[in-house]
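Peer 1: In the order they appear, the protein sequences are chains A and B. For the first sequence, the numbering used here begins at 35 and goes up steadily by one. For the second sequence, the numbering used here begins at -6 and goes up steadily by one.
Hints listed in this document are in silico derivations from the structure and should not be mistaken for laboratory results. Watch out, some of these pointers could steer you wrong.
Said to hold, decoys possible - Straight-line alpha carbon distances no greater than 25 Å define the calculated DSS-like cross-link-like pairs of lysine-lysine that follow:
1. B:K410 - B:K273
2. A:K127 - B:K273
3. A:K127 - B:K417
4. B:K246 - B:K426
5. A:K167 - A:K127
As the list claims (entries may be wrong) - From the derived model, a few chain B residues whose C-beta atoms are all more than 10 Å from chain A:
6. T(-3)
7. R25
8. E176
9. D403
Unchecked claim - Output of the computed footprint for chain A on chain B, the stretches with three or more beta carbons under 8 Å from beta carbons of chain A:
10. 35 to 43
11. 323 to 332
Every value quoted in this text rests on a predicted model; they were computed, and no experiment measured them. Using N, Cα and C, we set each Cβ at its ideal position, and we do this for glycine too.
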Amino acid sequence: MTAILSRILAAHRDQPGALLPVLHEVQEAFGFIPPETVPAIAGALNLSRAEVHGVISYYHYFRQRPAGRHVVRVCCAEACQAVGGEALAEHAKARLAGSELTLEPVYCLGLCACGPAVQVDETQLHAAMTPAKFDALVARLESER
Amino acid sequence: MRTTVYVPGDAAALALGADAVADVITAMAAVRGIELRLVRNGSRGMVWLEPLVEVVTAQGRIAYGPVTVVVVDSLFAANFLAGGDHPLCLGPAEDIPWLARQTRLVTRRVGVVDPRSLADYIARGGGEGLRRARAMAPAAIVQAVTDSGLRGRGGAAFPAGIKWRTVHDAVATQKYVVCNADEGDSGTFSDRMLMEGDPFCLLEGMAIAGRAVGANQGYIYVRSEYPHAIAALDAALAAAGDFLGDFSVEVRKGAGSYVCGEETALLESLEGRRGIVRSKPPLPAVEGLFGRPTLIHNAITLASVPDILAQGAAAYRDLGIGRSRGTLPFQLAGNIRHGGLVEVPFGLTLRELLYDFGGGSRSGRPLRAVQVGGPLGAYLPEAQFDTPLDYEAFAAIGAGLGHGGIVAFDDTVDMAKQARYAMKFCAIESCGKCTPCRIGSTRGVEVIDRIRGGDAEQIALLEDLCETMVQGSACAMGSMTPIPVLSALHHFPEDFA
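Chain B with its partners taken away, still in its complex shape:
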């Protein structure tokens, strides 16, 4: 019997040498006359263990990692194809505590299945949500999503059910479902991992959404920085056959504009224009893509739906705390020892994530600041690490969970420099439509430069400028850039002296 070996094809694994490892395993097996079946799965999300090679044995999938080309020979010598012991052996992958302690719903198949195989997807529970949805009235699907308490996972956390209801109720001959996979926030990669590791799940979520709101056409807008995700989606679509029924999906490639992650700028881009934000109202749910009612959601939001229908809204709603229901795939990034994807119910504290999962800093120095929620998210000091991971609890301290990206910095960080970068990034990426963002960001860089040069009187000017940006900007780019700037200033004033 041929042994099945998994070597991740996820972009992070590739960046850590997975292709070369796969090649060497194949070549050495051939030399030894061993036939094996090599599957390029997604990543389990334990990035520090990548490339994480798994071998299917009677005792389950035995994991080895991080595997480099130079150790492959010793793996064969240790008979790893039968699960043999080796210094890199981690035992059954599913029993690794870091993974076993998680509650994987939306990412349950990521790193497990062959992302190119519809049969594998179906064999591991995929398709059940869509099958149930087809037996339900559209309004009942909308009700199930509403009852689950699911909120938009892209960052704004708007209740999904309200969006679905609005598009469902809109009267139009053509409606659209748009997936926002323009995952531009630094520190985030859950959309990427899902698209690369379980693309059928996203497609299924979109087909369910299409049935619920009355749309037969979907678009997935993926940033150009994610060529592997685009390839995985295209391959899944090519293998989908009639899985999606009469629902069509087209993958569109972005072109390196951060602000296109804002939903109306994304729609402009899909229509073939500069990614400049639209004024709201009208909401996209009423007048969206090509002027038609459009359900637009982040990839994780849409991919959460198959499980909600398959397991029932109550099972999802029963997880989490307060008004934050279900799970969020957090992403531990930056200066962190055990970085990667941690899907857990809302309610853990930031500290538990940073230390129990993350293991502290990668450098071994104390963690000093953590940016949660991307470039528009607040920098939090150690004193706030006990905040529960909950949308409202974060809002109460002037922060946000955003898309769940958590970037850790050790005590060598210069927070005035980070504040300057926030303004600089806004200047680079501003779409230019509104003045507070377009001009304010450049003035912000200059003011911070003067503060860093020793002119403390400029701090009042910076606060004033931030107030103008918050109040006067057209979208989150300009109105939220002051969040990292002011949180850095207020929590770490010593760096601005």
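Looking at chain A on its own, in the form it has when it is part of the complex:
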């Protein structure tokens, strides 16, 4: 972990306003932002640990604990609500209770003309989602090894 962190910090040391880019790379490398990385990040960017922690905890995207095998984000914003998004979100919550997958709400994926929308991990997108399609998607994700 130390070697990876050092490489990330060295690459951003002279970048103005480097904290968010650094946190993104740390999360990409480790899947979350391990609390033990905070002192080194703070030291490298000449910030206090409190400032770094404050930023991590402010932004919804940054996670302080590892996520499940996949992160499933269901859009809960208005355009998806207009086409059954709320019922889908409730269905997702029930279906993923106790699952190894992490369920998170997201407020708009920019797929507002083909909702309800779902994002899996970073780049996998699904439109016009229904509870039945959702179950099939989840079954596929859960069976992946």
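Since the structure of chain A is already known, use the hints to place chain B on it.
Peer 2: Coordinates of chain B only, in the frame set by chain A:
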């Protein structure tokens, strides 16, 4: 000769299965010994037809859609690579009425070009605005933007020329151009489609802005929910070579904070802090990023500039009505049959957009309410559908066009629930700096819950709370959340009884 086939790589097309369609077309062509050139374009914006596959023929680009993997075999059987007839054939893409009726300026190349190819961009008129700008004095560029009547497309509709003049006139050794691509409003996706479908246009607009105001560094702040847009911009920057001259651009990824779409919170975030709004003044144009004069604009605003310089300010100003000049790429979303991107001059009515373009609801039920301008926009009843799409006309009815997002709801919507959601969203996303927003939003949820529970006396309390939020909040998050709440209450009182 190799046939060129377009299969969109736009996020909406991907969400509807475009990658699998592209794979199957490639595989089936290989099996048949056909060589083809597959281009991943952006989306034309007809989302209900995605994935919309286009084939280049002597008769133009023939469109087929919506294409699924199971129909690809029949497309080959119908000789679609020569534009053959098929139940999904839509004829030449540009002649599809929904598209042909639009006035595409800022989105003229979206869905048309290969977003990764600078050569394609240049071949379709890109670069002309920057070429002209380089032959103009900075003050003349500012004048052209002023003369065009362009206003900020992010939502506030502030005259762009005034911002440009202020940053141009500011004396500093370092200035910045910042693109706000934190497109967090539900119902909006024009920034995303532009960045994914024509990223060079945004880069060109920023380079022109840099030349006009005296900035050599630009930042594009893109929300983390848009990984495909970030990838498209990074690819365009890698392919840009010396296209931008001495103007540098860095793409920065947001981290899931809605309020970072507010310009000063965005600057805080760029500087590496919590996205908490700054007090104004000083304006960003005077003291912005890292304390330097900063021109900050929404992506569509900046991307509108190349065309204004290439075609002349007058051509832009001549479109639209009143003080709303030019075009706005509206986004039809929610419960709508033909949703997508509609770029038209200001002046059409909301009804024309909803029915002539949108075709009514997707569910087939009557449209009951439409939210215009994102989560901080008003809910409009059918009685207001004839309002012209014009900043001032919308302001006159207590609404706003915002970023042009239009979310339609059918008659199954519960407007008290929508009002509750507006308060809830504010509670989730409030940056916490000011009390009316931070506390008021949570109290708002509670009050609406009591109203929904049958306590009508709480309505006066809700109105009072909204008044406090409007008057006392530091930014639009808190001061505009009452707009959807009160418009729902006033236009749909029966849902609060």
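Peer 1: Against each hint, give a clear statement of whether it holds in the structure.
Peer 2: The hints, checked one at a time:
| no. | hint | result |
| --- | --- | --- |
| 1 | B:K410 - B:K273 | violated, 34 Å |
| 2 | A:K127 - B:K273 | violated, 42 Å |
| 3 | A:K127 - B:K417 | holds, 18 Å |
| 4 | B:K246 - B:K426 | holds, 23 Å |
| 5 | A:K167 - A:K127 | holds, 15 Å |
| 6 | T(-3) | holds, 25 Å |
| 7 | R25 | holds, 30 Å |
| 8 | E176 | violated, 7 Å |
| 9 | D403 | violated, 8 Å |
| 10 | 35 to 43 | holds (count 3) |
| 11 | 323 to 332 | holds (count 7) |
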